[in-house]
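J.: Below are the chains, spelled out letter by letter.
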Amino acid sequence: MASDTHALATVEHSPVGSLAHDTRGGISNPVLGMLLFITSEVMFFAGLFAAYFNVRAAAPQWPPVNPETGEAFHLAILPLVGPATVILILSSFTCQMAVWAIRRDDRVGFIRAIAVTFTIGVVFLLMQAADYILLAEEGITLSAGTFGTTYFTLTGFHGAHVFGGAIMLGVVLYRGMAGQFSARHHDAVEAASLYWHFVDVVWILLFSLLYLLPGK
Amino acid sequence: MATTALHPAAPTYRSTLYDWVTTTDHKKIGIMYVINSFLFFFLGGLLALGVRVELAQPGLQIVTDQTYNEVFTMHATFMIFLFVIPMLAGFGNYIVPLQIGAPDMAFPRINALSLWMLPLAGTLLILSFFTGGSAAAGWTSYSPLAQDRPLGAVGPGQDLWIVALTLIGTSSILGAVNFLATIFKMRAPGMTLFRMPIMVWTVLVTSVLVLMATPVITSALIMLFIDRNYGGSFFDPANGGDPILYQNVFWFYSHPAVYVMILPAMGMISEILPVFSRKPLFGYKAFVFATAGIGALGFSVWAHHMFTTGAVYLPFFSLMTFLIAVPTGVKMFNWIFTMWRGQLTFSTPLLYAVGFLSMFLIGGINGAFSASVPVDFAIHDTYWVVAHIHYVLFGGSVFGIMAGLFYWFPKMTGRMMNETLGKVQFVLMFIGFNLTFFPMHELGLAGMPRRIADYSSTAGWNDLNLAATVGGFLIAFSMLPLLWNIFISLRSGTPAGDDPWEANTLEWATSSPPPPYNFDRLPEIRSERPLFDARHGQQADH
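Protein chains in written order, with this note's numbering: chain A, 63 to 278; chain B, 260 to 801.
Here chain B stands alone, though its shape is the one from the complex (with noise of 0.2 Å):
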């Protein structure tokens, strides 16, 4: 297993950084999109602890309205755009093609487009700030507030920030076409659609989201970037245009986005949890109908965030919005069932899926709140909000990353990390977060509202935006451990061989890291645990 026959064509010499800039290997791909959202991770994180430190007491101390305005707009826009997103689409493009015993994706060169383009989106949402300032109207970039107007979005911040979106959702789409042909077309034989990984499954139903869902946010984008450039009047109501409209085409990709967030990352924990129980996955097929069944019901849910526009028809929104949590608790189950009476080996990878159980649970829960309209209306823009959607997108997602780059980092590296870091690093990362984000929830309560730069210092919310802000410091110091244990890891770690955890899904049948091309032969694929049948004697006589 360990060697391959399959070569590319003889090499002639060409230096590491040319053979990274003109890969089309999926795997080197992979690792580009996973070190390029990091970057961004950082940036973005930095720019989260500039909101802290301002909120930690009230008065302005650091920056000034206007610049606050672009450092949480910012911060929304790396964290989600360049780092989530990209982060779970990296990943996608190393495992998925092993997972399906395919030798790479189905178009290697779209691949590479699709990676490049988020360097130079990113490259353009920097460059904002040396240009008069960066986008400042928020992640959702509502109209009037991102019109060229006074009080609006003046100077070029605004567009660049629009056409940098546009790049990154076209690299989203193409890396969706890529993912939907290659597991519709190059899984290997024997690999039915009901025998593929939990991870392809996610990957399949958040390739659809996007292939759907991202074209209308460009179409609302491109809107928004005639009505400032062109003297267009889609969202202005002074010349029969609508605010609202852009809401909804806003909406209707970036609720499906909060999926296309998440459902990868639970592809990650259900390859983790059965590994790291000694158990299958509970359920299997209730989990993959109950992953479609977000996903299409995902499409219904839109107007949620716009409960207190008065536009949108409530009784129908909040039904749906309820709906989706009956799915998601199914997979609850999956997941506490496959842990249930099994052999647990609490290593990092298992304490973040855990991790992610416990945040995620929470943030289903607090959002299931919004979804009651009277709630709603109480909470609607305030700091519960921000509680809620970190919950998701960081006890969600950013566990469930930390878990599958502990779980994976063998297979791309060849060598462990380092288990003792990367515990330290979850004790520090998961009281960090608590502590930062479990404030916010009662922060909202109080009344205070997100997006604001000051408070009152009578209005009672000084000690928990210190607290939060302690979090948030615990946050970026946790990042300390993961990087050196990364950069020793890389260096000395402990060599991983083929199968270092005993898993069950086939890019642990290769060498780590695999070699072009992935596998010389295949183990017989007769469940979803292919290395699971070969270890346990039930593999076919040859």
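For reference, chain A alone in the conformation it holds in the complex (with noise of 0.2 Å):
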């Protein structure tokens, strides 16, 4: 029983501070809790992506005949979409840096990448939203049949997700601006690191299915 007391006597603030860490080592909670909320993620895009292929497998054509025009719906690579891959991609590796710089503790080096990644998340978005002005103007929109409708869908909540980590990585930003981080305590970093990184590999297979995949 001693021992048992002894563990509890040591906490100096809250009787459940020590116990964020688990003190045999392993996984920490807020990394465990990331990677589970980051499964339902998974399964979220799972439903979508079910949605666009039982729709495009029922379809007699993929993609379908763009009423307006008479042709098939096309999706242009360029001028946009494209660098917006190339840099969502760099993106990771820039963030993956900033996580081995703050374990190494260095500060400096960990703002410096993560204000770049938080940067080209913003930029991918602005990007987005420029395509999504151009494909209105092509007449692909929300309500363009099932190509519209799963094209939006899709690019659109991997857009939310996007937001949602660039909102992440500004808040990682400040707390770190601010010196909340060292190579003991940064569990929020490797969290906000997973999520973009997961953010990523969505767009990674959202982009091979959409604009790779040769239709049918």
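Just so you know, these hints were derived from the structure itself, not from any lab. Since we're looking at a predicted model, the values are computed, not measured. Note that CB positions come from ideal geometry on N, CA and C, so glycine has one too. Every clue listed holds true.
Examples of chain A residues lying across from chain B (beta carbon under 10 Å, computed):
1) 88
2) 94
3) 99
4) 108
5) 122
6) 126
7) 204
8) 205
9) 206
10) 208
What follows is a list of derived Cβ distance ranges for each label pair:
11) A:166 x B:496: 56 to 64 Å
12) B:746 x A:89: 44 to 52 Å
13) A:245 x B:375: 30 to 38 Å
14) A:271 x B:452: 35 to 43 Å
15) A:122 x B:488: 26 to 34 Å
16) B:275 x A:205: 45 to 53 Å
17) A:174 x B:568: 51 to 59 Å
Could you use the hints to bring the two separately framed chains together as a complex?
T.: So, in structure tokens, the structure goes:
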């Protein structure tokens, strides 16, 4: 019994404080929580992807014909989507560099890399918004049949997740500049970077599906 | 054991209300989950009475067809999403950290967020009655019935329903993340996975189901919302969409949701049966594997709700559905042999647990009929199905919840509940339940379809419907002894002490109600029954 009492008595501020980190080592609670949350996000996108494959498989031709132009829908990789894809993938690397930097206690490098990642996230969103405007001019909208509905739902919810990720990165950047992270304490950085990698992977899948997969 | 050295930082004075609204204590949050769920249980129950009064005799007496659609839709919505699921999450919230010897959940503030999303969603649903009519497309809200078009769901009621369910789903997902992190990371020293109480195991498997399945219904709801409001065509065949897609995505969640609604109740009676039989649970590991098996198989059976659509592969989904009966049968075996030759004490918790066993058995057997494709073609969308789900969700989940309430009320409040009132309530509820739902088997076989407000007086369904209505009022009446029991027990119940049942698990090793952060010290944990070990001399010398 004595050892139990001792374990609790060493906690300084809050009785649950020490339990935020498992003293036996292993993954920390916030990082595990983020991984579990990402699992649920994967299933959310799985539902949307399933819908995409369902309507695509049922359609006689894909991409279907745009009733406004009489030609099949076409999604252009240039000028915006290709570069946006490249910079989003790059941002995963800068995000990971930030994590490695803070693990070394290199706060300056960490803040620099997070700032770059955050900026890329914002630029990606702006490019996506510009692309939506271009698409709308071509008659590709949310209400343009299953093609438009699935395209805008998938990319729109991805964009919403980029937005969420950018907010996380913004908070991490703010807290980093306030000096709240160190090699010992940076769970928020690890968790936010995991989320950012997830958002990046979803985009790679989406890009492959919507832009690279040949039609039928 | 009864006191603790741990207190939160020096308390400034705060009102009780402020304290409860802002709390992050898993016990207070758990109790608020339970209270909120009971409120919606009574609301859903009133709607059920509306259904039964309308169906008591042929003809339209009290509601129009449209109102009737709203009534049964909101009855199911309240009962499933705001009663059974959050009620079990509430018990899990209260019990799981205590049973694994943890001071709180892993993420206490997210825990509070999960709780407070529920009354918000409930408010939206209630408001929908005052904005031109609530959702009326059934709790399944199939397309095109739930689409914004003539003869569909015109008006904001359906949209409010979608938003409310998305909120509830988010609450469930965050809760599942919390439970899993708590169970994986916060167990006391010695509490290995295979020493965890069965209740914790069932919450673990339930949380995996919630985590993997709930986001999928969120995607379905969002697609429906886009179809309704932004001209989307996910489910619109005229534009290349597919209404069967909605059913697939919906049931991919809503079948596992059935296990979300029953597994924790199974966990509860698995805590209760050993205690009131004075024996360990028979086949602990088999029970754990059976629970995991039900969870895994639960993801491969969703399309048995869609046999008659002609759009699913019948042999596969029929086979998988029958397979579910195997782990469930293992559990029945566990429970029966736990009681076999035990020293049974027929206290109220045991009565409800045995009620669960017998009624859930019927619910399992009448469900297996529908797993057989040819039989399902005959009884699909009849009252047989209504009988089945109520034997599972009322006979199973609600009896389990009542068992859990009587079992853990002393821990939550420090007071025993009144045994006599409990037994009166059990008898009333048991008779009322069977009087309501057993005739529905016969009605289903006689061809009565579900979701109708009126029926022909010459169809031969009059007497059975009247019997079901009488039973419904008996169930409602059985709530009076419960409410009175809670009232007088809170006011002047017998003080419970730490461990009134001589139970096995860690929640009984602390005071009733437990202090903030739960434990001053823990007994040694060397089996799944640490308190039994401590009582009967197998404890280590210190």
